[in-house]
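Protein chains: 2
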Amino acid sequence: MRFHSPAIQYFHAVRRTGSIRAAARLLNVASSAVSRQILKLEQEVGSPLFERNARGLTLTTVGEMLARHVMNVLQDLDRFRSDVASLSGTWHGTVSIACIESLTESVLPDLIASHRGRARRVSFTTEVKGSSDVLEALSRGEADIGIAMALRHPPDLRQVALKRFRLGAVVAGDHPLARGKTVTLTQCLAFPVIHALPELSIYHLLQPLIAQLSETPEPAIQANSIDLMRELAARGVGVAFQTQLGIGRLSRDSRLVFLPLDNAGSPVWSDLGIYVRAERTLPAYTESFLQELVRELGERERRENAAYPQVAR
Amino acid sequence: MRFHSPAIQYFHAVRRTGSIRAAARLLNVASSAVSRQILKLEQEVGSPLFERNARGLTLTTVGEMLARHVMNVLQDLDRFRSDVASLSGTWHGTVSIACIESLTESVLPDLIASHRGRARRVSFTTEVKGSSDVLEALSRGEADIGIAMALRHPPDLRQVALKRFRLGAVVAGDHPLARGKTVTLTQCLAFPVIHALPELSIYHLLQPLIAQLSETPEPAIQANSIDLMRELAARGVGVAFQTQLGIGRLSRDSRLVFLPLDNAGSPVWSDLGIYVRAERTLPAYTESFLQELVRELGERERRENAAYPQVAR
DNA sequence: TATAGCTGTTGCCGAAACGGCATCAACATG
DNA sequence: CATGTTGATGCCGTTTCGGCAACAGCTATA
Chain P
1 MRFHSPAIQY FHAVRRTGSI RAAARLLNVA SSAVSRQILK LEQEVGSPLF
51 ERNARGLTLT TVGEMLARHV MNVLQDLDRF RSDVASLSGT WHGTVSIACI
101 ESLTESVLPD LIASHRGRAR RVSFTTEVKG SSDVLEALSR GEADIGIAMA
151 LRHPPDLRQV ALKRFRLGAV VAGDHPLARG KTVTLTQCLA FPVIHALPEL
201 SIYHLLQPLI AQLSETPEPA IQANSIDLMR ELAARGVGVA FQTQLGIGRL
251 SRDSRLVFLP LDNAGSPVWS DLGIYVRAER TLPAYTESFL QELVRELGER
301 ERRENAAYPQ VAR
Chain Y
1 MRFHSPAIQY FHAVRRTGSI RAAARLLNVA SSAVSRQILK LEQEVGSPLF
51 ERNARGLTLT TVGEMLARHV MNVLQDLDRF RSDVASLSGT WHGTVSIACI
101 ESLTESVLPD LIASHRGRAR RVSFTTEVKG SSDVLEALSR GEADIGIAMA
151 LRHPPDLRQV ALKRFRLGAV VAGDHPLARG KTVTLTQCLA FPVIHALPEL
201 SIYHLLQPLI AQLSETPEPA IQANSIDLMR ELAARGVGVA FQTQLGIGRL
251 SRDSRLVFLP LDNAGSPVWS DLGIYVRAER TLPAYTESFL QELVRELGER
301 ERRENAAYPQ VAR
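Taken in order, these protein sequences are the chains called P and Y.
Start counting the first sequence at 1; every next residue gets the next number (our numbering).
Start counting the second sequence at 1; every next residue gets the next number (our numbering).
Calculated from the structure, these hints are not laboratory results.
Heads up, a few of these hints could be off.
As the list claims (entries may be wrong) - Derived, one-sided and incomplete: chain Y residues facing chain P with beta-carbon distance under 8 Å:
{"no.": "1", "residue": "A7"}
{"no.": "2", "residue": "I8"}
{"no.": "3", "residue": "Q9"}
{"no.": "4", "residue": "V45"}
{"no.": "5", "residue": "L66"}
{"no.": "6", "residue": "N72"}
{"no.": "7", "residue": "V73"}
{"no.": "8", "residue": "D76"}
{"no.": "9", "residue": "L77"}
{"no.": "10", "residue": "L87"}
{"no.": "11", "residue": "W91"}
{"no.": "12", "residue": "T94"}
{"no.": "13", "residue": "T281"}
{"no.": "14", "residue": "L282"}
Stated by the list, open to error - Below 25 Å or equal to it, Euclidean Cα-Cα: the simulated SDA-like pairs (lysine to any residue) are:
{"no.": "15", "chain 1": "P", "residue 1": "K129", "chain 2": "P", "residue 2": "E105"}
{"no.": "16", "chain 1": "P", "residue 1": "K129", "chain 2": "P", "residue 2": "P6"}
{"no.": "17", "chain 1": "P", "residue 1": "K40", "chain 2": "P", "residue 2": "E51"}
{"no.": "18", "chain 1": "P", "residue 1": "K40", "chain 2": "Y", "residue 2": "L27"}
{"no.": "19", "chain 1": "Y", "residue 1": "K40", "chain 2": "P", "residue 2": "L77"}
{"no.": "20", "chain 1": "Y", "residue 1": "K40", "chain 2": "P", "residue 2": "P6"}
{"no.": "21", "chain 1": "P", "residue 1": "K40", "chain 2": "Y", "residue 2": "S5"}
{"no.": "22", "chain 1": "P", "residue 1": "K40", "chain 2": "Y", "residue 2": "L77"}
{"no.": "23", "chain 1": "P", "residue 1": "K40", "chain 2": "Y", "residue 2": "A33"}
{"no.": "24", "chain 1": "Y", "residue 1": "K40", "chain 2": "P", "residue 2": "T90"}
{"no.": "25", "chain 1": "P", "residue 1": "K40", "chain 2": "Y", "residue 2": "K129"}
{"no.": "26", "chain 1": "P", "residue 1": "K181", "chain 2": "P", "residue 2": "E199"}
{"no.": "27", "chain 1": "Y", "residue 1": "K181", "chain 2": "Y", "residue 2": "S266"}
{"no.": "28", "chain 1": "Y", "residue 1": "K40", "chain 2": "P", "residue 2": "A85"}
{"no.": "29", "chain 1": "Y", "residue 1": "K129", "chain 2": "Y", "residue 2": "L162"}
{"no.": "30", "chain 1": "P", "residue 1": "K40", "chain 2": "Y", "residue 2": "S86"}
Beta carbons: idealized from backbone N, C-alpha and C, even for Gly.
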């Protein structure tokens with residue numbers, strides 16, 4: 001089912017690989033064929049699409065415009081294919097997800113497992129990145145669904161849902177703080193703290209609050225892995241900060257305790273956004289999974305708010 | 001700039017004309033070429049796209065799916081072209097509008113004239129239809145912007161804006177009713193009435209109300225042209241019904257008087273919707289005109305509500 | 001500084017795709 | 001039944017495409 005000019009797919013491959021020869025290898029054709037199609041495209045558009053650097057090709061402004069068009073075409077072709085397939089009863093394809101680390105502990109594995117149980121023919125590709133990288137991957141068409149901290153998102157993305165979860169302190173079960181129900185930042189800073197590095201968005205949530213306190217904190221550990229921070233907290237090394245999303249299983253063992261953070265009487269929220277490319281209609285199987293994802297995150301948000309009642313948003 | 005497989009454009013032409021030979025004439029190619037491209041497409045999709053009737057071709061279900069994809073591709077190609085053009089300072093293209101008759105008296109001509117004054121290179125195509133035909137033309141990709149009574153719209157359309165205007169009676173300046181400020185349906189039915197035929201949406205707005213009154217109305221005139229109805233009212237033939245949008249110039253001559261309709265103490269609203277295809281990004285020049293259109297209709301809605309104050313929606 | 005390895009481009013040539021012409025059978029209309 | 005129109009097909013010249021090999025330009029390494 002390849003009724004689009006080869007030039008389209010060649011251009012797409014060159015854009016992704018940044019090189020004509022690499023694209024040719026990817027497409028199993030001669031590099032000369034790819035080169036010629038690109039030259040022909042540039043001639044028809046009337047403007048160069050790539051800047052030829054000595055070490056590969058970079059998109060020009062016009063090239064980026066064409067890339068956007070080509071992405072729209074290829075993604076919509078994908079949707080068309082899935083529509084035709086689902087008409088004849090077949091229901092298969094690959095859902096590609098880019099998300100931040102908080103989801104990997106329980107939300108995503110639970111969802112994917114349950115979805116695969118019902119729709120065996122749907123495959124998944126997931127890539128864990130930082131929040132801004134998630135949005136970028138989405139923009140570049142390298143993922144279908146993105147889950148990231150709800151920062152300002154570029155206009156070519158659409159925020160499908162926005163769920164907020166309470167940021168809290170995570171400590172071992174025998175930690176002194178574990179006796180309380182909630183905890184303030186000042187209380188935490190009395191103990192060794194496991195800080196997030198700036199590449200994690202938790203850093204940007206907490207740093208302004210810590211700066212306000214202007215206390216000299218205890219010598220602390222810094223890390224860029226939520227997983228690592230959690231495991232450190234479980235070993236009693238110190239107090240880590242994150243949402244409850246990431247500590248589902250461990251807290252069930254009561255090795256870890258989650259204590260909602262209290263900042264001058266009000267909770268500290270961590271906003272999670274679900275994103276898709278705006279100029280796009282998702283294939284049916286992707287849309288279906290997206291609905292489940294939104295529902296599940298909404299459910300967790302609801303459950304958590306019930307567990308730690310507080311003034312609502 | 002034709003970097004899409006000829007099959008795409010041939011298919012599009014065949015879908016629009018409903019005939020291979022007609023499409024061939026339209027494209028200035030031999031009919032055999034068109035026929036073969038369609039056959040090739042069907043072979044690659046793995047399913048027939050058209051039903052061959054003796055007198056032309058009709059889309060199958062799969063064919064309609066492909067039509068949707070092809071429309072997305074071609075419309076997005078248009079947008080890409082306009083993006084490239086606007087990059088080099090050129091700003092031209094054609095805005096295609098489908099709308100109901102109410103707009104033709106002043107809203108649309110005013111807007112188009114003023115827009116053309118500023119952007120000389122933008123052309124316009126406008127087609128006046130019934131409300132449901134407007135939506136259908138939009139769905140089929142025969143227009144970029146649709147203005148129609150806000151009925152339930154198909155999911156492939158997006159309602160950009162919803163403006164409501166008061167339905168009123170339109171009578172000549174020397175009509176007995178013209179002395180009042182507003183008017184009830186019962187008052188109107190005491191005089192000869194110019195009724196809208198069912199093909200006009202005014203019919204569907206008024207019919208339920210008239211049915212409630214269950215009075216035997218005066219022998220009336222029926223028409224399917226808002227223009228004609230207005231001119232009849234201006235000649236004192238009877239009472240016509242429409243929104244104030246359509247009587248701008250004539251009422252300035254005080255040949256016509258607009259009297260907001262009062263139904264059991266509350267106004268009768270006529271909802272006007274502005275629509276575009278959902279799966280689509282508009283070219284810059286079309287988007288620009290769309291913004292002006294929404295702004296202008298919002299302005300008229302505001303002015304009118306100020307002129308005839310009433311409980312807001 | 002010479003060499004090896006990479007890049008994109010180009011000339012040449014066979015293969016595949018495309019389009020035009022004439023023709024066919026099927027069907028509708030008069 | 002005759003006529004006109006429909007889409008499909010065989011034949012053939014033209015165009016396009018892709019593979020091979022060679023080229024110039026550049027970088028990194030020895």
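Violated hints, by number in ascending order, as checked against the structure: 3, 11, 12, 14, 16, 25, 26
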